[in-house]
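Chemist: What follows is each chain in one-letter form.
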Amino acid sequence: AQRVTQPEKLLSVFKGAPVELKCNYSYSGSPELFWYVQYSRQRLQLLLRHISRESIKGFTADLNKGETSFHLKKPFAQEEDSAMYYCALSPGTYKYIFGTGTRLKVLA
Amino acid sequence: ETGVTQSPTHLIKTRGQQVTLRCSSQSGHNTVSWYQQALGQGPQFIFQYYREEENGRGNFPPRFSGLQFPNYSSELNVNALELDDSALYLCASSSGQGTQETQYFGPGTRLLVL
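Top to bottom, those sequences are chains A and B.
Position 103 of the first sequence, counting from 1, maps to 103 under the working numbering, and the rest follow consecutively.
Every number in the working numbering is 108 more than the matching position in the second sequence, counting from 1.
Incorrect hints may have been included.
Said to hold, decoys possible - Every beta carbon over 10 Å from chain B, so not counted as near; a handful from chain A, in silico:
#, residue
1, K22
2, N24
3, G58
4, N64
5, E80
6, A83
7, K95
8, Y96
9, I97
10, F98
11, K105
12, V106
13, A108
As the list claims (entries may be wrong) - Derived Cβ-Cβ restraints for the label pairs, each shown as a range:
#, chain 1, residue 1, chain 2, residue 2, range
14, B, G124, A, T60, 47 to 55 Å
15, A, T60, B, Q208, 18 to 26 Å
16, B, S115, A, N64, 35 to 43 Å
To be verified - Lysine to aspartate or glutamate pairs mimicking EDC-like chemistry, simulated, CA-CA at most 20 Å apart:
#, chain 1, residue 1, chain 2, residue 2
17, A, K57, A, E80
18, A, K73, A, E32
19, A, K22, A, E8
20, A, K95, B, E162
21, A, K22, A, E67
22, A, K22, A, D62
23, A, K105, A, D81
24, B, K121, B, E183
25, A, K9, A, E54
26, A, K9, A, E79
27, A, K95, B, E183
28, A, K105, A, E32
29, A, K95, B, E190
30, A, K95, B, E160
31, A, K15, B, E162
By construction, these hints were calculated from the structure, which means they are not laboratory data.
Where is the CB? At the ideal position from N, CA and C, for every residue including glycine.
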């Protein structure tokens, strides 16, 4: 079965501390992985996708096929990073499978 | 450039009724996907429309149906509403059907079924 697991509902870190939002997936083929973010009172938007291997707003994510993980990382959290983060998988077609999301709170 | 819009913003219906939700895609986009987001859950894929044809469907019963119009706006219809249909319904548009195209989400329609 295709599944995305985000084990943490809430993650609180202090400003300047490193952040790691966990994402594990279940898929037998070669998936495409994404991170989406929803800031307060804003729409859900794409943060980054593994295929482009880019860093957006200081966030990076590496696809680890051995561990079936796609954790989102940032070395120094900022208060403006506080948001809801969703990991998503696509089997390469039209379909996206989202995790349940992790709320990140960056404390001053 | 106009973003994705959805109407109405909120809706209350009773069990057994039918509902139609609307989505206007972003300018230049020909693909619309619909998602259901229950409280505390991530978005769940309902179906996608590409150039007026249903392109793919998630695990939703046939009472969830849709349409896409020549201007690429779209409707989601739900018949015989059930209490569990209470959720935020999101639409997302993109300039193509593949996942290489970025999806742009609308603000959602919150449906409450009593």
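Chemist: Can the restraint linking A/K95 and B/E162 be considered satisfied, given a maximum Cα separation of 20 Å?
Modeler: 12 Å, holds
Chemist: Can the suggested window of 35 to 43 Å be confirmed for the beta-carbon pair B/S115 and A/N64?
Modeler: Since B/S115 and A/N64 have Cβ atoms about 42 Å apart, the given range 35 to 43 Å holds.
Chemist: Hey, does A/K22 actually stay past 10 Å from chain B on C-beta?
Modeler: Nearest chain B Cβ is 14 Å from A/K22, so the label holds.
Chemist: Once the closest CB in chain B is found, is it more than 10 Å from A/K105?
Modeler: Its Cβ never comes within 10 Å of chain B, the nearest being 17 Å, so this holds.
Chemist: With respect to the beta-carbon atoms only, verify the hint that B/G124 and A/T60 lie 47 to 55 Å apart.
Modeler: 49 Å, holds
Chemist: Does A/K73 pair with A/E32 here, judged by a C-alpha cut-off of 20 Å?
Modeler: OK: A/K73 and A/E32 at ~18 Å, within 20 Å.
Chemist: Starting from A/K105, check that the Cα of A/E32 is at most 20 Å away, please.
Modeler: 27 Å, violated
Chemist: Given the proposed pairing of A/K22 with A/D62, does the C-alpha separation stay at or below 20 Å?
Modeler: With Cα atoms ~11 Å apart, A/K22 and A/D62 stay inside 20 Å; holds.
Chemist: Taking the shortest Cβ-to-Cβ distance between A/A83 and chain B, state whether it exceeds 10 Å.
Modeler: Given that every Cβ of chain B is farther than 10 Å from that of A/A83, nearest at about 14 Å, it holds.
Chemist: Please verify that the nearest CB of chain B lies beyond 10 Å from A/N64's CB.
Modeler: Non-interface label stands for A/N64: nearest chain B Cβ at 20 Å, farther than 10 Å.
Chemist: Does B/E190 sit within 20 Å of A/K95, going by the straight-line distance between their CA atoms?
Modeler: The given pair, whose Cα atoms are some 25 Å apart, is violated under the 20 Å limit.
Chemist: CA of A/K22 to CA of A/E8, is that 20 Å or under?
Modeler: Since the Cα atoms of A/K22 and A/E8 sit roughly 7 Å apart, the hinted pair holds (cutoff 20 Å).
Violated hints for the displayed structure, listed by number in ascending order: 7, 8, 9, 10, 25, 28, 29 and 31.
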